[in-house]
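Protein chains in written order, with our numbering: chain A, 1 to 531; chain B, 1 to 180.
Because the hints were derived from the structure by calculation, they are not lab data. Every residue gets a Cβ at the ideal spot worked out from N, C-alpha and C, and that includes glycine. One thing to keep in mind: the hints can contain errors.
Claimed, not checked - A partial selection of chain A residues facing chain B, derived with a Cβ cut-off under 10 Å:
| hint | residue |
| --- | --- |
| 1 | M218 |
| 2 | D246 |
| 3 | V363 |
Stated by the list, open to error - Over the 12 Å line for every Cβ pair with chain B, so calculated as not near, a few chain A residues:
| hint | residue |
| --- | --- |
| 4 | T30 |
| 5 | I46 |
| 6 | D73 |
| 7 | S237 |
| 8 | F256 |
| 9 | S290 |
| 10 | G319 |
| 11 | F339 |
| 12 | M375 |
| 13 | D387 |
| 14 | A478 |
| 15 | T509 |
| 16 | T514 |
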Amino acid sequence: MTTDTIHDTDHQHDDHHEHKMTGIKRWLYTTNHKDIGSMYLWFSFIMFLTGGAMAMVIRAELFQPGLQIVDPDFFNQMTTVHGLIMVFGAIMPAFTGLANWMIPMMIGAPDMALPRLNNWSFWILPFAFSILLMSFFIGSGAPNFGWTFYAPLSTTYSNGSTAFFVFAVHIMGISSIMGAINIVVTIMNMRAPGMTYMKMPLFVWTFFITAYLLVAVMPVLAGVVTMVLTDTYFGTSFFDAAGGGDPVMFQHIFWFFGHPEVYIMILPAFGIVSTTIPTFSRKPLFGYSSMVYATASIAFLSFIVWAHHMFTTGMPLFGELFFMYCTMLIAVPTGVKVFNWVATMWRGAISFETPMLFSIAFVILFTIGGFSGLMLAMTPVDFQYHDTYFVVAHFHYVLVTGALFSIYAGAYYWLPKWTGYMYDDALSKWHFWCSLISVNLLFFPMHFLGLAGMPRRIPDYALQFADFNKWVSIGGFAFGLSQLIFLAVVIKCIRGGEKSEAKTWDGATGLEWTVPSPAPYHTFEKPPKID
Amino acid sequence: MAQVPEQNIAKTAKKLVLVVFAMFGFGFAMVPLYDVFCDITGLNGKTSDTAAQVNENGVDESRLVTVQFISHLAKGIPWQFEPMVREIQVHPGETKIIKFYAKNESVKDIVGQAVPSVSPGQAALYFQKIECFCFNQQPLKANEDVEMALQFYVDPELPRDVSTLTLSYTLYDITPKADS
Chain A
1 MTTDTIHDTD HQHDDHHEHK MTGIKRWLYT TNHKDIGSMY LWFSFIMFLT
51 GGAMAMVIRA ELFQPGLQIV DPDFFNQMTT VHGLIMVFGA IMPAFTGLAN
101 WMIPMMIGAP DMALPRLNNW SFWILPFAFS ILLMSFFIGS GAPNFGWTFY
151 APLSTTYSNG STAFFVFAVH IMGISSIMGA INIVVTIMNM RAPGMTYMKM
201 PLFVWTFFIT AYLLVAVMPV LAGVVTMVLT DTYFGTSFFD AAGGGDPVMF
251 QHIFWFFGHP EVYIMILPAF GIVSTTIPTF SRKPLFGYSS MVYATASIAF
301 LSFIVWAHHM FTTGMPLFGE LFFMYCTMLI AVPTGVKVFN WVATMWRGAI
351 SFETPMLFSI AFVILFTIGG FSGLMLAMTP VDFQYHDTYF VVAHFHYVLV
401 TGALFSIYAG AYYWLPKWTG YMYDDALSKW HFWCSLISVN LLFFPMHFLG
451 LAGMPRRIPD YALQFADFNK WVSIGGFAFG LSQLIFLAVV IKCIRGGEKS
501 EAKTWDGATG LEWTVPSPAP YHTFEKPPKI D
Chain B
1 MAQVPEQNIA KTAKKLVLVV FAMFGFGFAM VPLYDVFCDI TGLNGKTSDT
51 AAQVNENGVD ESRLVTVQFI SHLAKGIPWQ FEPMVREIQV HPGETKIIKF
101 YAKNESVKDI VGQAVPSVSP GQAALYFQKI ECFCFNQQPL KANEDVEMAL
151 QFYVDPELPR DVSTLTLSYT LYDITPKADS
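Bound-form chain B, shown alone (with noise of 0.2 Å):
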């Protein structure tokens, strides 16, 4: 094989290898990438986890907008969780207040974090909340209840098309996770 340039082969093997740890982290790049993409899109119905300023942009009265609550337990937390209103409906810019009930039913003190997610997806950069009980880990002593606020607002920039925003909440337990 001596007519095999050795040299060039191993050039071209190395630049593969630098293509493939490129690539391995390419991958994990995409995560905070996703979430970048999101943010500034709202694509993945996640909405903003800091609180909203009071709306100063007026209200529109032309329309109305059916908002829906749902709730949903994730799997292994032994609670009872549930909006107390199913569905409103409000003119865009108008701030309401509804409540949740949270009841830990089981006989140990349990940590909960209520994770939102807004449908349709476009939807979710306008629902802005002003007090949310999912901007904080809610602990529940055993066979404790509670009434969780959630005050809010529909951006009156909200597209035309969209009559109907469904708010979803996925409570986790994160007790090994949570803040002591």
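Bound-form chain A, shown alone (with noise of 0.2 Å):
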């Protein structure tokens, strides 16, 4: 490993030659992966507070039965847009931020391997989403048909705000790619000298993994996307049934892209856990190369699973049981992931600081989401399951209890690294322990709601459902208010504090804690050597 004497020559270096531009055009024109990994994660947090919010005119309408605050159209503009943000516009690009902020760093290189095609995918971003969000002001108002835009609902039914839709998905996809096809590239050609694929860190090999998801599938989705548009203005027939196409192919092919995707926004996740737990848990990750070999498992069998959001569409038996056999084989690698990570705590000398608190309500939430996963396999109770209150209390805790709490943990485990101060601890286990409590608040009971039969996607429901759902939605407003906690948490750390060692952690292994805190501008110009 290089010595910090050299880094900090590099760095001298580095400042004569640095022609940093000043204001909006350092940022505009900026090609260092730090500068856009910054700018992604704070799009991404801007996103994630515009569908949170959205989310809270979801639980204050469904605070009580009845119609009070929104009319049931728009409340479908809001579960719809919700979805479509917090998917392609929090979560997503919050990886992708990582991803270039921490890959770079972990291999030992100076940059992402194509840094203009880094600017230029984070910089169509912002375009893709207000033509999203410009969608509520024209017309008759923003896509209303869910964020799956089954056919005929997005396109016979459209509100007219397919087009809007259409094309934010598109821009959305071609940043993905070019965010995934950098990501592939950066990790196959400019890794140090001596960092074998088995010597990366289990950060990169999930990211690896992902990218390729992403070349894979969004690709389909941009198709898919597509065939929505031309059936919608320009009189093809792919999913109507008048003219010889079948709506049911829409679901099959988004799906096909669909499945992939839920596992584009958990691989990072597992990526996150398994550099965070081993670093709190003094101890080297357990069982390395299976949870490389899990990862590539899961990834694989995600392409043939894609039918089991499709069970009550009248597949015949044998297409039941194959997607169900399939779905329930993830478990299988899932496991020994989350066995792992157990293993790799058993023994260890654990501190709880912040990361690692979010790391362990990750291991045990996650699970919690992917055991009621299972249930959802079991094509018989599927159906009573289906389009309930459980698929949506399954997903939540996947993605909101998974994913996000894996960024919050990477979060706080690099803000010393990114900022060079030390975050409010205080500040941060107040944002640990109100997000933990509300977020079982707000969606624990809801799997009560769909095993009671309360159905997902409506702004009114049953009298019976009542008292949960006044409890869901207090949870919800508390979890959208503790997240505020986080903001302030970032700009307390950005602006000062007790100042980081180049090494935060004492736990801390990988070549990101071997340069100094805050990282420079500009890091590994002279690659290190890996023994």
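Both chains are given apart, each in its own frame, so use the hints to dock them into the complex.
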């Protein structure tokens, strides 16, 4: 490994050469992976608050039975755009941001392999979401057909927002594809000498596999939205039975993208907690190579399980059994991962810093989400659970307490590396505990609501669901407010605080901790040596 | 960045761009693939759109199959459209004729097209139409009505666990696209 002295001289050397632009131009023209990573992270947080505000509208309407705050059409717009923003605007860009910041530093590369492409893939994102959000103010409202935009809801019965939706998704897709290509090219070509594939940190591995998934399925999403576009406006009949099409085919193509997409949002989370748990357990990760193979198997299986979203479409028995068994098979590599994390903690010298708290909460709560996923995988019971709040509970457990909690774990873990200061520990603990309690109040009762038969995507409900919905809404408001604590922690941490050392956590390993904190603008211009 | 193999980067990036285009094409390739797959297996309940020959495999007198008829109007077609018989019982192999009634209730001339679908899907391959109004477009002048015939038989090869077939017709307004 290189020593800090070498880097300090490197750094001074940079300062002589660097013509750093100032003001807005610095951010518009930057090709620096750290700048772009920061922009991705800020953008995703803004989108997170935007989508969160829509969730607040949903929960306010559902606080009590009856229609009181918004009309049903606007309610549907809220659920649709909330889903789109959280998936494509919050979770995915946050992961890309972490990838941009950390991957070059973890593999000892000076920057991403395609820095200009990197700049472009970030800067088209705000336009995509402006188009999507603009649809609220133009015509008869935003998309209201659900984030899954099933035909014919998005074609024949569209409220006129389909074009906004399609072009926004096209741009998001292009951005994701370019980001993914960049990650793959960087990892394949820019690793420091001596860093073989099986020496890469697991964080890098999970992003590597995720990027491959993105390259494979985002074009399919682009294709299916294009078909929706031409069906709606240009008279084609891909999904219209009158012209020989088939609306069920929409679901096949969409979920062929959609299921790998689910893993795109969770595999990087596995990478993050596989970094934090060993650090705070002060033990190396248990079963590194089994983790790599488990990640790859999950990615492979994600391509052959899509129709488990469609058990109620009248598939033949053989199809239902095939997709049921393949889906249950995914529990095996996922189980390998969960047991490896537990085994890493086993007899470790564990300390409970905030990143570790989020990581442990991730392991427990993600597993709950995984188990409800197994329940949904069973064809016979899925007929009861399909399109109920049980599904809503399931995917919020994997995406909020799974993906989002892992992002928080990663953010707290690397904040000192990014800012050079330690975050406010007490405030971060408040953030964790408030989030943990409120998120369970928010999502756990949804399981019972779903089992009792409350359908998803409705603005009103039967009276017997009133009590649970009230508690869920209270949990929702509390969870929403708790996230503002995080904003406060980050702003405080950027403005100052206790200085962080190069290696913030005594148990941390990895090249990113060999450079000073805050990480200098340019790192590893001379590649480090890996033993 | 002198030590970085620039040409390798370009090579990897080009390969990935190819994959992107291939997968975009694959999304569209799924459309014909899906049709072929469904034609072979009958999974999506689509019946054959060409006339079947008269049954030569004999009649299976040992069992009766219930055939139900339902009709739907697609959005925006101002017609009345319903089966004149809701349900009949047939022996597999036996040829039957039933009629659907359609009336254009608007003041415009409209061309309609009925699209059939059979449930359960796996029975679709065994539902044979010798003559069907769904093979042709049906133009109706304002206020005109018509009785449309369907001549069919259920293939004796129909799996024995299927005792009820539902044939559903959805009627679409295809005036703008109709053959003149």
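Tested hints:
no. : hint : result
1   : M218 : 8 Å, holds
2   : D246 : 6 Å, holds
3   : V363 : 33 Å, violated
4   : T30  : 16 Å, holds
5   : I46  : 28 Å, holds
6   : D73  : 17 Å, holds
7   : S237 : 9 Å, violated
8   : F256 : 7 Å, violated
9   : S290 : 27 Å, holds
10  : G319 : 8 Å, violated
11  : F339 : 33 Å, holds
12  : M375 : 26 Å, holds
13  : D387 : 20 Å, holds
14  : A478 : 42 Å, holds
15  : T509 : 25 Å, holds
16  : T514 : 19 Å, holds
Comparing the model with each numbered hint stated earlier shows that hints 3, 7, 8 and 10 do not hold.
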